[in-house]
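Trainee: Read off the chains here:
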Amino acid sequence: MSPLTPTDSNVLTVSHLNVYAGDHHILRDINLEIPSNRITVLLGPSGCGKTTLLKCMNKLTDLYKELKVSGNIYIGNDDILNTTHNIPAIRQKMGLLSQRPYPLPVSIYKNVAYGLKIKGIRDRKLIDFSVEKHLREVGLWDEVKNRLNAPATSLSIGQQQRLCLARGLAVKPAIILADEPTSALDPISSKIIEHLFREMKRHYTIVLVTHVLRQAIRLADHVIFMCDGRIVEQGSPSDLFSHPQSDELRAYLIDGN
Amino acid sequence: MLLKRILADKANGLWMITSLVTILALPLVIGTGLYLKASPLFDQQSFFSLVFSADWAPSEGRFGFRPYITGSLYVTLLSFLFTLPVCLLSAIYLTQFSSQWLIRTMHPVIDVLAGLPSVIYGVWGVLIVVPLVAGNIAPAFGTSSAGYSILSGGIVLAIMCIPYILNMLIEVFRTVPAGLIEASLSMGATRWESVKHVVIRGNYPGIISAYGLGIAKAFGETIAVMMVVGNVVKVSGNPFDAAYPLPALIANNYGEMLSIPMYDSALMFAAFLLLIIILIFNMIFRYLIHKTRKQ
Amino acid sequence: MRRIKIIEEKIFVFLSAFMTYSLILVLMFIIGVVFVKGFNALNPDMILKTPRGGYYYGGEGGVLNAIAGSLYIAVGATLIAIFIGLPAALYINVQLIRHRKTQNTIRYFLDALWGIPSIVYGAFGFTLMLFFGMNASLLAGIITVALLISPIMVRTFDEVLSTIPRGLYEASLALGSTRTETAFKVIFRQGFPGFITAVLLSFGRGIGDAASVLFTAGYTDNVPVNLDEPAATLPLAIFFQLGSPIPEVRERAFASAVILTLIILLLSFSARFMAKKYSRTNLR
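Protein chains in written order, with this note's numbering: chain A, 1 to 257; chain B, 1001 to 1295; chain C, 2001 to 2284.
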């Protein structure tokens, strides 16, 4: 495959990405494009490197000193992987939703306001407005509007996950990186999140990591199937799921159903 | 056979509960014992004058504990000031910024150091700190000191308490899930901002408890302080002067305590005071820890 | 705004790294100083001989009296602490298994007990001695140190026992065992490595403590042969010798400090080893 170059319809381009942890080759020559305003699903068995790939996009791999990362990741024309300049601003372009909700140990209100405070916004009215707007966006406003000052941990897990989504949206990202965001949730909360994602793709580009085949079928506009640290197949869900080319995907489809 | 087993069950059950009750009743028994031994003192002097008077003349039956209490407080305060930045910053560095390798080697080392007997720290104090204070630090501040001083006591205590406090802080900070830091970073916060908001602010009770327990330990420490603090009865604000902390008073005078009337009561009163102060400290901060652990 | 933040981060990361590395250096320095000073004065006589005439003026002899006294006291105290600590810890984890709140309250009190300074135990031991008309002796020292280390024993052992899954307890009851049989045969066996760790830690604490034996054990140049004889202890030997104006005697204090440190290091490494071994069997 020839090295990919950034194009207009692709928000994010990954080119020749390799990640090592010691001698262990976690990601092998990853090349992919994330189309804008679509849900791109990273699908694959556990331990295939999906989460690591997601963390590379957000530069959270910096936290793990034992990881060696090489290659390029472009947003527009900027290679974000190899810059050390203004990393917080790069991360702000992407909202992260992790496997388990991680509400900050403060109130519901302050959780959503956190990103704004970090940006240096002090205008109380603007913050109030933004908090309400984003809590509405995730359908949480009516449930929490009377207890905005309650600790975020007092919410149910499903509500916490939506709060974390609202918190991420408040910094106005272009891309949502979601790492198995429903794996810790009950079926009803999962449904709500999935529904939100379908609504949100009008305004955001979404990258969703999952190992649940059904979820991928329900949500994906574009599928990247990974196995053992490499991309095995990528393409439209109808192509991939009805005409799998590789043995790995075929096996996965049979097990998944 | 069955009867024998039931009897054994009863007997062993009794042994177990008796042991547990004995241990749990220990502070009460100790407190009562010391109080009873100290009580003759209260016929002569009020509690208030015992604690706040600076008039110390055992042979004339006057016991004012103020020099000892201030001595203890001063040494403890100094050690707290030394440990405060060192422990907090080191714990943050070890848990958030350092390589895995460093914390994996440091954690057992800190654990071992926290278990070293205090007399070893005292030896080190006499060997290094006392000459350092007398020869370098005091002259640098334009005064002179014998070296056996409040400052030396504070330094030795701080070094003793650092492994103890650091250990607790590391335990506290380690419980912060990586996902929380990642969430904060992905909203555009810098590493340090994330540490400030998530690690420090989210763990106030744990941090306060660690220091609270450290202070309590410092306040009751005997041998190491006694070896370097000079043991002179005096109320002084100068850290280069000697002082006489409460535990040192008890430890140094047990020999004479039976030869002077009421002296033994006075020393037991000092022990009683130590017990109450430290027990209260421990109860408060342990309570904070237990409460946060439940959440 | 952004610039200030980055500068703030740089400053604090530098400061905390600086603090950490200087702390490591200081702590290594302490151990180094004690060892270097002590090893120079260390010789076989120190360990094998008791003080001879004129020892405290630089004469011949060693601190065998203190080593033996410390070991006797620590062994005796540990035995007593096992006698009351073991059943207490089992009681918390077996009989009270369904009373989470009581368990936690007891743990809370034990933790608070752990903080009582040893000088208070020493003073209390002294009042006990007066009450029973005893003299400073091996026995009084043993009892005082036993009181000091019992909460430590219980809490350390309990920490391990509390990780034993409830299912094991229920399985044992289901097989028809009584509760105490479950406690002593099943739970105790399962937590045995933790018990050894607790014993080693308590023993180390007992052997290194000075303030509690200061009034209660007394001091002597002989190795005690009876419970009612006074006994020297290693920490006090260090303390007294260091107070001497004679350089040779001070040197011996450093040598004694090395002996004590080595004993403590040996104990804590064995305790760590046991704890590791235990967690490995637990994972399987």
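Be a bit skeptical, because a hint or two may be false.
What the hints assert, rightly or not - In silico BS3-like cross-links for lysine-lysine, where the CA-CA straight-line distance does not exceed 27 Å: (1) A:K68 with C:K2010; (2) A:K125 with C:K2005; (3) B:K1010 with C:K2005; (4) C:K2101 with A:K65; (5) B:K1196 with A:K65; (6) A:K172 with C:K2276.
Honestly, the hints are just simulated from the structure, not real lab data. Predicted, not measured: the structure shown is a model, and the values here were computed from it.
Trainee: Given the hint that A:K125 pairs with C:K2005, does the C-alpha gap stay at or below 27 Å?
Mentor: Holds, because 24 Å separates the two Cα atoms, which is no more than 27 Å.
Trainee: Hinted pair, alpha-carbon criterion (27 Å max): A:K172, C:K2276. Please report holds or violated.
Mentor: Violated. A:K172 to C:K2276 sits at ~47 Å, over the 27 Å cutoff.
Trainee: Can you confirm whether the C-alpha distance between B:K1196 and A:K65 stays at or below 27 Å?
Mentor: Measuring from Cα to Cα gives roughly 21 Å; hence the hint holds.
Trainee: A:K68 and C:K2010: Cα distance at most 27 Å?
Mentor: 23 Å, holds
Trainee: So if I understand the rule, the pair passes when the alpha-carbon distance is 27 Å or less; does C:K2101 with A:K65 pass?
Mentor: 42 Å, violated
Trainee: Straight-line Cα separation of B:K1010 and C:K2005 no greater than 27 Å?
Mentor: 67 Å, violated
Of the hints listed earlier, those the structure fails to meet are numbers 3, 4, 6, in rising order.
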